[in-house]
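Protein chains: 2
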Amino acid sequence: PSRLPAFATHQVGVAGAVVDESAGKVLVVQDKNKTKNAWKFPGGLSDPGENIGATAVREVFEETGVRSEFRSLLSIRQQHRHPNAFGMSDLYAICRLSPLTYRIDFCTQECLRCEWLGVGELAETSSATPVTSRVARLLLFGLERGFDKIDLAMEELPAVYSGVLYQLYHRPLPTQS
Amino acid sequence: PSRLPAFATHQVGVAGAVVDESAGKVLVVQDKNKTKNAWKFPGGLSDPGENIGATAVREVFEETGVRSEFRSLLSIRQQHRHPNAFGMSDLYAICRLSPLTYRIDFCTQECLRCEWLGVGELAETSSATPVTSRVARLLLFGLERGFDKIDLAMEELPAVYSGVLYQLYHRPLPTQS
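In order, the protein sequence lines correspond to chains A and B. Start counting the first sequence at 2; every next residue gets the next number (the working numbering). Start counting the second sequence at 2; every next residue gets the next number (the working numbering).
Since the hints were made in silico from the structure, they are not lab data. Worth double-checking, as some hints may not be accurate.
As the list makes no split between identical chains, a pair holds if one copy fits it or if it spans any two.
[What the hints assert, rightly or not] Derived SDA-like pairs: lysine to any residue, alpha-carbon spacing no greater than 20 Å straight-line: (1) Lys37 / Leu158; (2) Lys35 / Ser163; (3) Lys150 / Val161; (4) Lys150 / Gly164; (5) Lys35 / Arg72; (6) Lys35 / Tyr103; (7) Lys33 / Ala154; (8) Lys33 / Arg82; (9) Lys33 / Tyr167; (10) Lys150 / Leu174; (11) Lys33 / Leu166; (12) Lys150 / Ser73; (13) Lys37 / Phe8; (14) Lys35 / Ser73; (15) Lys150 / Arg82; (16) Lys35 / Gly25; (17) Lys150 / Pro175.
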């Protein structure tokens, strides 16, 4: 461990891929204020003290009006704003969510469009950000072969000294599944 | 996305599980300054602008003298220091590394002990932190059934606007493997 005093270096963003398994569709938005209108998953920054899954559920609801619940972590992206400099970095987590409601009532301040789009269509369109395309291909694989092929399961465990719960994400072990 | 100004809320820590596949062993340390001497994987905080894999390789070398290379991301832990308060949070990533050298020359300022321990032994001992035990079970599963069962692969992609490379981690797609 470093002996330097610790300070926060990363912001954490989270996107939620809400998958309607029976219809093979996923909830996507286009940002209002971007020059290129590419499909992406709704999401945003974690509030202080907020778990990754809670951020995904909250941001999806705020942007799209759809209620959902956390299922798994699918992907993590690390990006540095200013390489080789002391700039802030970001970790961006993409979660898989299940819909609890389906009616879209999207935030017109943030979004230009919001739709339930076929996962296969999203995987093939050029109107999507690279990470969105990649995750759409993962989701397509999951729909066809089972989400257990792509999921990182989450478990809450108590910290040894403080007893405060933390969240641990990894591939399911055979005895867990 | 949030319309609040962004600020860093998380520090990022990384641990490296260096697995000697032929011997079925993994490199573990005991911290010098803890009351309970539990086995854990060497690791520490990311420097600003440093990738997760680079932190793991650097910290493993600084603590143990063993050279290694990044293979995959195994697990992510999110922990909040002060629940329901504006305290800093941390994300802790556990990576799988392959050894390039095997001789231990550990840092006596930081470590009390450092050993190549059998993965099965580490999975069963009570002298390990809970996360270490869990990851040891994952590694044992990987040794027996293939690391493709537990790995998140990493790929570097260019950001759309800046062209700066970012690192994306997720389960391998069939066409990637």
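Hints, verified against the model:
In this homomeric assembly, Lys37 and Leu158 come within 20 Å of each other (Cα to Cα) only across copies, at 19 Å, whereas the closest approach inside a single copy is 42 Å. In this homomeric assembly, Lys35 and Ser163 come within 20 Å of each other (Cα to Cα) only across copies, at 15 Å, whereas the closest approach inside a single copy is 44 Å. Proximity of Lys150 to Val161 under the C-alpha cut-off of 20 Å is found in neither arrangement, the shortest distances being 31 Å within a copy and 28 Å between copies. In the homo-oligomer, the alpha carbons of Lys150 and Gly164 never lie at most 20 Å apart, since the shortest distance is 32 Å inside one protomer and 31 Å across protomers.
In this assembly of identical chains, Lys35 and Arg72 lie within 20 Å of each other by CA distance neither inside one copy nor across copies; the values are 29 Å within and 36 Å between. Taking identical chains as interchangeable, the C-alpha atoms of Lys35 and Tyr103 are never at most 20 Å apart, the minima being 26 Å within one chain and 51 Å between chains. For the homomeric pair Lys33 and Ala154, neither the shortest alpha-carbon distance inside one copy (33 Å) nor that between copies (33 Å) is at most 20 Å. In this assembly of identical chains, Lys33 and Arg82 lie within 20 Å of each other by CA distance neither inside one copy nor across copies; the values are 23 Å within and 35 Å between.
Within a single copy, Lys33 and Tyr167 get their C-alpha atoms no closer than 35 Å, and across copies no closer than 24 Å, so neither meets the 20 Å cut-off. Proximity of Lys150 and Leu174 under a CA criterion of 20 Å is satisfied in both settings, with 12 Å inside one chain copy and 9 Å between copies. When the C-alpha separation of Lys33 and Leu166 is checked against a cutoff of 20 Å, the pair qualifies neither within a copy, at 37 Å, nor between copies, at 25 Å. Taking identical chains as interchangeable, the C-alpha atoms of Lys150 and Ser73 lie at most 20 Å apart whether they share a chain (11 Å) or sit on different chains (16 Å).
For the identical chains of this complex, Lys37 and Phe8 are neighbours neither inside a copy (35 Å) nor across copies (26 Å), given an alpha-carbon limit of 20 Å. In this assembly of identical chains, the alpha carbons of Lys35 and Ser73 never lie at most 20 Å apart, being 29 Å within a copy and 33 Å across copies at closest. For a Cα distance limit of 20 Å, the shortest separation of Lys150 from Arg82 qualifies neither inside one copy, at 32 Å, nor across copies, at 32 Å. With identical chains, the CA atoms of Lys35 and Gly25 are never at most 20 Å apart, being 27 Å at best within one copy and 51 Å at best between copies.
In this assembly of identical chains, Lys150 and Pro175 lie within 20 Å of each other by CA distance both inside one copy and across copies; the values are 13 Å within and 10 Å between.
Checked against the numbered hints given earlier, this structure breaks hints 3, 4, 5, 6, 7, 8, 9, 11, 13, 14, 15 and 16; the rest are met.
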